[in-house]
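Novice: As a plain string of letters, each chain reads:
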Amino acid sequence: MPGMNRRLLLTGLAGAGSLAAFRAARAEMDLARATAFIQAAGQELVAAINDPRMDTPARRARVGAVLRRTVDIEGTGRFILGRYARAAAPPEMQEYLRLFDEIIVRNLSARFGEYRGVTFALGRSQQRTEEDALVNTIIQRPNAAPFALDWRVSEIAGQPKVVDVIAEGTSLRLTTRSEYAAVIQRNGGQVSALLAAMRNQIQQLAARERG
Amino acid sequence: MRSVFPAARPLLLGALLLFGACATRPPASDPEAVAEFEQTNDPLEPSNRTMFDVHEAIDRAVLEPVARAYRAVLPQPVRDGVRNALGNLRTPVILLNDLLQGQTERARTTLARFMVNSTIGLAGFIDVAERWGTPGHNEDFGQTLAVWGLGEGPYLFVPVLGPSNPRDLFGFGVDIVASPFTWIGQGVAVDAANWTRVGLTVLDTREALLDPIQDVRNTSLDPYATLRSAYRQRRAFEIQNRDGQAGRTDPAGGPGFGQGVTTPGATPPGR
Chain L
1 MPGMNRRLLL TGLAGAGSLA AFRAARAEMD LARATAFIQA AGQELVAAIN DPRMDTPARR
61 ARVGAVLRRT VDIEGTGRFI LGRYARAAAP PEMQEYLRLF DEIIVRNLSA RFGEYRGVTF
121 ALGRSQQRTE EDALVNTIIQ RPNAAPFALD WRVSEIAGQP KVVDVIAEGT SLRLTTRSEY
181 AAVIQRNGGQ VSALLAAMRN QIQQLAARER G
Chain Y
1 MRSVFPAARP LLLGALLLFG ACATRPPASD PEAVAEFEQT NDPLEPSNRT MFDVHEAIDR
61 AVLEPVARAY RAVLPQPVRD GVRNALGNLR TPVILLNDLL QGQTERARTT LARFMVNSTI
121 GLAGFIDVAE RWGTPGHNED FGQTLAVWGL GEGPYLFVPV LGPSNPRDLF GFGVDIVASP
181 FTWIGQGVAV DAANWTRVGL TVLDTREALL DPIQDVRNTS LDPYATLRSA YRQRRAFEIQ
241 NRDGQAGRTD PAGGPGFGQG VTTPGATPPG R
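Keeping their order, the protein sequence lines are chains L and Y.
For the first sequence, my numbering gives the first residue as 1, with consecutive numbering after it.
For the second sequence, my numbering gives the first residue as 1, with consecutive numbering after it.
Because the hints were derived from the structure by calculation, they are not lab data.
Check before you lean on any hint, since a few could be wrong.
Reference listing, derived: stretches of chain L covered by chain Y, where coverage requires no fewer than 3 residues with Cβ under 8 Å from a Cβ of chain Y [to be verified]:
(1) 90-96
(2) 160-170
(3) 179-187
On the chain Y side, residues computed to face chain L include the following (Cβ under 8 Å) [stated by the list, open to error]:
(4) Glu36
(5) Glu38
(6) Thr219
(7) Ser220
(8) Asp222
(9) Ala225
(10) Thr226
(11) Arg228
(12) Ser229
(13) Phe237
(14) Arg242
Derived contacts from chain L toward chain Y, CB cut-off under 7 Å, selection only [to be verified]:
(15) Arg83
(16) Asn107
(17) Thr175
Only a predicted model underlies this, so the values are computations on that prediction, with no experimental measurement involved.
By construction, the Cβ of each residue, glycine as well, lies at the ideal position given by its N, Cα and C atoms.
The whole structure should be built from the sequences, with the hints applied where relevant.
Specialist: Below you can see the structure in the form of structure tokens.
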């Protein structure tokens, strides 16, 4: 079927083309710079989590500030929404990014108790990929086995930012993308259904934080 | 058919209804949707989701409470010992798959670990080899088939076993047949020992996954989709033998089903 083949080919080329353009827009990430960035950002986060003087809302605000500065929330949010980003109306998109931002912060703040006394150290291997750097860290919580976490760091508008977290080969942004796509698909392709699920999730996380 | 096996027709119909529930493929006019459908590789999604619900019910009712009791009753060193011993019993299968994949260096490691841990390590309870700088790794026939070039096939969710696919399920079966402990000896005592081993393996695996799965249940908008994605990524990681590079490997080496599925921030299986 020549018609379908041509369409598939064009789609593939368009996809590859946009990917190449996307890649070209990002500068190469220097490994030493990425490592230093993760070291500094990690220490800020750990200090915020371990500070005994703050109450939970203040701690959440501080952690939120660090995360907003160090994580590419908008870029990662758009990546996770994937092809539904185009289907979303601009106000929906804004709402989605706002909710996504809050979910990132709440996911961490719901675990403040668990993470009290956490320390981290840079792991043994740091790697360069084509446009990102992969910085390996070991997270140690008291009374729990240490585990390795890889941070994918990319240069966004001249600043290093975290774009992904990988644990034992599982990428968080890929898993989340699968998750959000499933929610949208099971609700007839409506992005609003995803927004409702996200709001619900935030409420649950807030309840767990209090209780 | 009726005289030989009266239940055959309704059973067949039931099986068809259960396993024949296929997801609707998006129309070719929407190439992005088609691409996503193929990338997700879950044409049996409706029946998989049913299986997932069945599994969740069994899990919450039986598996999880027993695993939590196991964790509460037995101290960490004892549970580590159990995990190490189970891993040691898996060595023949791991060794076979190392060799079938042409990984002679890893095969040597496996054999050395078996010899040291079975003797000095008291039948495998103590992972002496790891303390001496030779950590273990896991292999299964599903990984071997992947290395030989066989694609995974559609995603399958099997109750109790967890996320899988036709290739890995087949590999799981082959590993059971290939394990010498399946065949050694007969009699009540041997059967009891084998079933004990199966039970302990399930228990050990579920205990290791208590925190990651709790995490997914708490934070995921669609746990089924999260597990599917995490499992596929983790499996690719295992097949490429990149697991264990953090310097800490799970010595028990389950059959690859869901074990090692982790989410950031949750305690992964291991020491």
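Novice: For every hint, state whether the structure bears it out.
Specialist: So, going through the hints one by one against the coordinates:
With a cut-off of 8 Å between beta carbons, the segment 90-96 of chain L has 0 residues touching chain Y; three or more are needed, and the interface restraint is violated. Counting residues of the segment 160-170 of chain L whose beta carbon lies closer than 8 Å to any beta carbon of chain Y gives 6, which meets the minimum of three for the stated coverage. By the rule of at least three residues with a Cβ nearer than 8 Å to a Cβ of chain Y, the coverage given for the segment 179-187 of chain L holds, with 6 such residues. For the restraint placing Glu36/Y at the interface with chain L, the shortest Cβ-Cβ distance is roughly 7 Å, inside the 8 Å limit, so the hint holds.
At about 11 Å, the closest approach between the beta carbon of Glu38/Y and any beta carbon in chain L exceeds 8 Å, and the interface hint on this residue is violated. Against a cut-off of 8 Å between C-beta atoms, the interface hint on Thr219/Y holds, since the closest Cβ of chain L lies about 6 Å away. For Ser220/Y, the shortest C-beta to C-beta distance to chain L is roughly 6 Å, which falls under 8 Å, so the interface hint holds. Interface restraint check for Asp222/Y: the shortest CB-CB distance to chain L comes to about 5 Å, inside 8 Å, so the restraint holds.
This hint holds: Ala225/Y has a C-beta 4 Å from the nearest C-beta of chain L, less than the 8 Å allowed. Checking Thr226/Y against chain L by beta carbon gives a least distance of about 5 Å; that is within 8 Å, so the hint holds. With a least beta-carbon distance of about 7 Å to chain L, the hint placing Arg228/Y at the interface is held under the 8 Å criterion. With a least beta-carbon distance of about 4 Å to chain L, the hint placing Ser229/Y at the interface is held under the 8 Å criterion.
Interface restraint check: Phe237/Y against chain L, minimum CB-CB distance 3 Å, threshold 8 Å, status holds. Evaluation of the Arg242/Y hint against chain L yields a held restraint, the C-beta minimum of about 6 Å falling below 8 Å. With its C-beta approaching chain Y no nearer than about 5 Å, Arg83/L sits inside the 7 Å limit, and its interface hint holds. Evaluation of the Asn107/L hint against chain Y yields a held restraint, the C-beta minimum of about 6 Å falling below 7 Å.
A distance limit of 7 Å between C-beta atoms decides the matter here; for Thr175/L the minimum to chain Y is near 4 Å, and the interface restraint holds.
Of the numbered hints stated above, those contradicted by the structure are hints 1, 5, listed in ascending order.
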